[in-house]
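According to the UniProt record's numbering, the residues represented by the sequence shown are 1 to 688, in order.
Hints listed in this document are in silico derivations from the structure and should not be mistaken for laboratory results. Treat the hints with care, as some may be off.
With a Cα cut of at most 30 Å, we get these calculated DSSO-like pairs of lysine-lysine [unchecked claim]: (1) LYS609 with LYS667; (2) LYS349 with LYS271; (3) LYS272 with LYS349; (4) LYS234 with LYS85; (5) LYS652 with LYS628; (6) LYS585 with LYS324; (7) LYS662 with LYS510; (8) LYS585 with LYS272; (9) LYS95 with LYS85; (10) LYS609 with LYS679; (11) LYS349 with LYS263; (12) LYS628 with LYS585; (13) LYS224 with LYS234; (14) LYS510 with LYS646; (15) LYS133 with LYS95; (16) LYS628 with LYS679; (17) LYS340 with LYS263; (18) LYS662 with LYS680; (19) LYS324 with LYS224; (20) LYS224 with LYS251.
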Amino acid sequence: MAEAEQVTVKVESDPDMKENINTMQVAEDNPGMEEKANQNGEELKGIKRGLPDTDEEMMDVSTLLQKGKSKRKKSKRARGPPMPKNALMQLNEIKPGLVFKLVTQEGPVHAPSFTVEVEVNGQTYQGVGRSKKLAKMTAAEVVLQSFVQHRNPSEVLRVVGQPVFNSDFTSDSFETPKTFSMFQNDKPNTPPPAPPPGMEYPPSPNGSRILAPPSGQLPADTTKNPIMMLNELKQGVKFEMISESGQSHAKNFIMAVSVDGQKFQGSARSKKLAKARAAQAALAALFNIAPAIAPGLQPIPSDGLQLHVPQVLADLVHSLVEGKFTDLTSGQSSHMARRKVAAGFVMTKGEGIEDAQVISISSGTKCINGEYMSDQGLAVNDSHAEIVSRRCLLRFLYSQLELVSQNEGEKSIFVPSSSGRGYTLQAGIQFHLYISTSPCGDARIFSPHEATGEDNPATDKHPNRKARGQLRTKIESGEGTIPVRSGPVIQTWDGVLQGERLLTMSCSDKLARWNVLGIQGSLLSHFVEPIYLNSVILGSLYHSDHLSRALYSRLGCLEELPATYRLNRPLLSGVSNTQSRMPGKAPNFSVNWALGDPELEVINATTGKQEGGQPSRLCKSALFAKFKELHGKLAGGAVTLASLPKTYAEAKTQAVDYNRAKVVMVKAFEKAGLGSWIKKPMEQDLFE
1 MAEAEQVTVK VESDPDMKEN INTMQVAEDN PGMEEKANQN GEELKGIKRG
51 LPDTDEEMMD VSTLLQKGKS KRKKSKRARG PPMPKNALMQ LNEIKPGLVF
101 KLVTQEGPVH APSFTVEVEV NGQTYQGVGR SKKLAKMTAA EVVLQSFVQH
151 RNPSEVLRVV GQPVFNSDFT SDSFETPKTF SMFQNDKPNT PPPAPPPGME
201 YPPSPNGSRI LAPPSGQLPA DTTKNPIMML NELKQGVKFE MISESGQSHA
251 KNFIMAVSVD GQKFQGSARS KKLAKARAAQ AALAALFNIA PAIAPGLQPI
301 PSDGLQLHVP QVLADLVHSL VEGKFTDLTS GQSSHMARRK VAAGFVMTKG
351 EGIEDAQVIS ISSGTKCING EYMSDQGLAV NDSHAEIVSR RCLLRFLYSQ
401 LELVSQNEGE KSIFVPSSSG RGYTLQAGIQ FHLYISTSPC GDARIFSPHE
451 ATGEDNPATD KHPNRKARGQ LRTKIESGEG TIPVRSGPVI QTWDGVLQGE
501 RLLTMSCSDK LARWNVLGIQ GSLLSHFVEP IYLNSVILGS LYHSDHLSRA
551 LYSRLGCLEE LPATYRLNRP LLSGVSNTQS RMPGKAPNFS VNWALGDPEL
601 EVINATTGKQ EGGQPSRLCK SALFAKFKEL HGKLAGGAVT LASLPKTYAE
651 AKTQAVDYNR AKVVMVKAFE KAGLGSWIKK PMEQDLFE
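Could you build the full structure based on these sequences and the hints that come with them?
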């Protein structure tokens with residue numbers, strides 16, 4: 001009795017110990033309260049304030065401590081992201097209770113090979129691996145891959161032997177397991193709509209038939225890459241590598257995939273990306289599935305007759321030019337194949353694109369050094385790829401006029417003009433310019449990665465910024481452009497030789513000039529009506545707002561132009577296989593080729609001549625010689641010339657309508673506050 005009284009006195013005299021014992025008693029009677037107490041940490045407080053007297057109480061406290069630690073560790077693990085599930089785990093979730101059987105064990109002891117099989121709804125799947133675990137994993141992957149051919153939830157459920165629910169999949173009461181997300185599309189599997197009449201195109205050069213996408217293309221599932229989507233729609237497609245080119249730091253791979261007898265290609269700096277682009281081409285052509293395109297990256301149709309589907313045409317032109325460049329440089333040294341920018345012209349005839357023909361190829365990013373200017377027209381001033389390619393096109397146009405002069409007009413692309421003065425292109429003849437990146441100058445002055453996402457679409461947020469639309473000049477013997485100075489600028493021969501920078505208008509400005517004056521130039525305008533581009537296609541850095549502004553929108557205030565001249569608005573488009581950026585120093589040379597040339601010509605961009613010092617076939621003197629030869633044969637059909645001009649400058653000056661249109665264009669730039677057009681020193685054109 002005395003001992004009992006002592007215990008009672010001890011407990012009553014220590015309130016903290018009494019609270020501790022009462023808490024433990026309640027925890028024993030009510031486990032739920034124990035968890036709550038553990039979470040609040042009340043037991044630990046009691047233990048700190050007073051220790052239990054008996055061994056039984058000590059065991060209870062130890063149990064509480066262990067449970068508390070376990071609880072804390074478990075909650076800590078729960079905060080992290082869930083661990084990824086392997087194929088075996090996913091298969092067990094879909095179809096629990098599967099039995100894997102060892103079929104064979106082969107190979108030596110140090111390198112065994114196991115074959116395991118598993119049966120799912122009467123069908124047997126096998127997997128091979130260096131261990132039983134890896135073999136089971138492979139078998140599970142084979143089973144999961146077999147589900148790909150079933151592209152909606154009900155079919156997948158039927159395959160794995162689970163009941164099919166006729167529930168509303170848009171409601172919250174039914175959730176398809178996340179495991180299916182990589183094997184199915186959440187949209188109904190509807191076949192692509194048939195193309196409208198007249199929208200099926202003839203076979204392409206690789207033997208495939210290209211269907212024009214209908215107005216409502218199916219958007220691509222953004223959670224899946226093109227390869228995965230293509231495998232869902234066409235199981236078992238195989239990719240093959242067509243070619244590998246370039247140096248080790250700048251490789252380019254071309255991969256191809258065959259679907260239903262049609263071949264689709266993709267090129268990129270890695271095999272994986274090239275495969276994805278080939279798959280995307282197949283999805284677009286066969287299933288009308290196109291990737292989501294930001295507003296600023298969509299093609300802008302031309303204001304004239306559009307004979308071809310924009311994206312199909314753009315990808316074809318890109319493929320032809322890049323393929324031709326590879327063919328021409330494959331037999332050359334790696335030094336010859338180096339380039340930062342490539343360009344080319346492609347000609348199409350009528351609605352068919354199977355006869356599309358590469359007319360010219362070029363590369364280059366530099367201009368002549370001022371000290372190497374030629375007063376005999378023997379040096380090429382501007383060796384930028386698109387400018388060189390257009391000079392190659394001029395040689396092709398001269399060759400077509402020579403066919404007319406030789407009474408072989410049926411072979412020429414030119415026919416007599418209805419006005420009776422000169423010649424014009426045959427109906428359906430179109431020219432398309434491809435550039436591997438946006439032209440230097442106004443079209444390239446933007447940040448390509450700042451405008452992305454739904455809340456920040458790829459549109460120009462500062463269309464009225466002063467820098468927008470400004471005329472710009474190239475840097476002598478360098479890359480990049482700078483805005484023209486305010487007020488007229490006159491370049492002099494002796495000033496440049498003394499050290500003044502030789503200024504050359506940017507490629508964006510020259511393309512804008514072509515959209516007013518034509519690509520035929522002043523000399524050929526004596527014989528033919530203006531020839532305008534039908535499309536401008538960029539391999540990279542395409543932005544519709546900036547490109548359209550640079551090429552024609554900034555010239556909206558043009559005054560009345562002479563007859564046959566107009567402001568041309570060609571198709572503007574990027575390509576599906578976007579070109580990769582090529583960092584590093586640009587080569588100091590330019591290569592060129594035109595249809596009919598036996599081989600490439602290499603020009604030293606600094607001197608404007610070939611490496612040996614010989615004049616280029618593209619120099620002013622060479623083209624003027626072709627002009628004089630043609631004038632003697634076509635004098636009766638010439639548009640404006642009565643007699644042969646003595647000098648190159650006279651031949652340009654006597655192109656009256658061409659020069660009137662040029663004056664209108666220059667005034668339009670000045671009126672819009674975009675700067676003054678800068679000319680080369682007049683002494684350059686005084687040669688005979």
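Hint check results:
1. LYS609 with LYS667: Violated, at roughly 34 Å.
2. LYS349 with LYS271: Not satisfied, since the Cα-Cα distance of roughly 34 Å exceeds 30 Å.
3. LYS272 with LYS349: It is violated: about 35 Å lies between the C-alpha atoms, which goes past 30 Å.
4. LYS234 with LYS85: holds (26 Å)
5. LYS652 with LYS628: Roughly 13 Å separates the two Cα atoms, so the pair holds.
6. LYS585 with LYS324: Status holds; Cα separation ~24 Å.
7. LYS662 with LYS510: Answer holds: LYS662 to LYS510 is near 12 Å, not above 30 Å.
8. LYS585 with LYS272: Measuring from Cα to Cα gives roughly 27 Å; hence the hint holds.
9. LYS95 with LYS85: holds (15 Å)
10. LYS609 with LYS679: Judged against 30 Å, a Cα distance of about 21 Å means the pair holds.
11. LYS349 with LYS263: With Cα atoms ~23 Å apart, LYS349 and LYS263 stay inside 30 Å; holds.
12. LYS628 with LYS585: violated (40 Å)
13. LYS224 with LYS234: holds (15 Å)
14. LYS510 with LYS646: holds (27 Å)
15. LYS133 with LYS95: holds (18 Å)
16. LYS628 with LYS679: holds (24 Å)
17. LYS340 with LYS263: holds (29 Å)
18. LYS662 with LYS680: holds (15 Å)
19. LYS324 with LYS224: violated (33 Å)
20. LYS224 with LYS251: Status holds; Cα separation ~26 Å.
In this structure, the earlier hints numbered 1, 2, 3, 12, 19 are contradicted, and the remaining ones agree with it.
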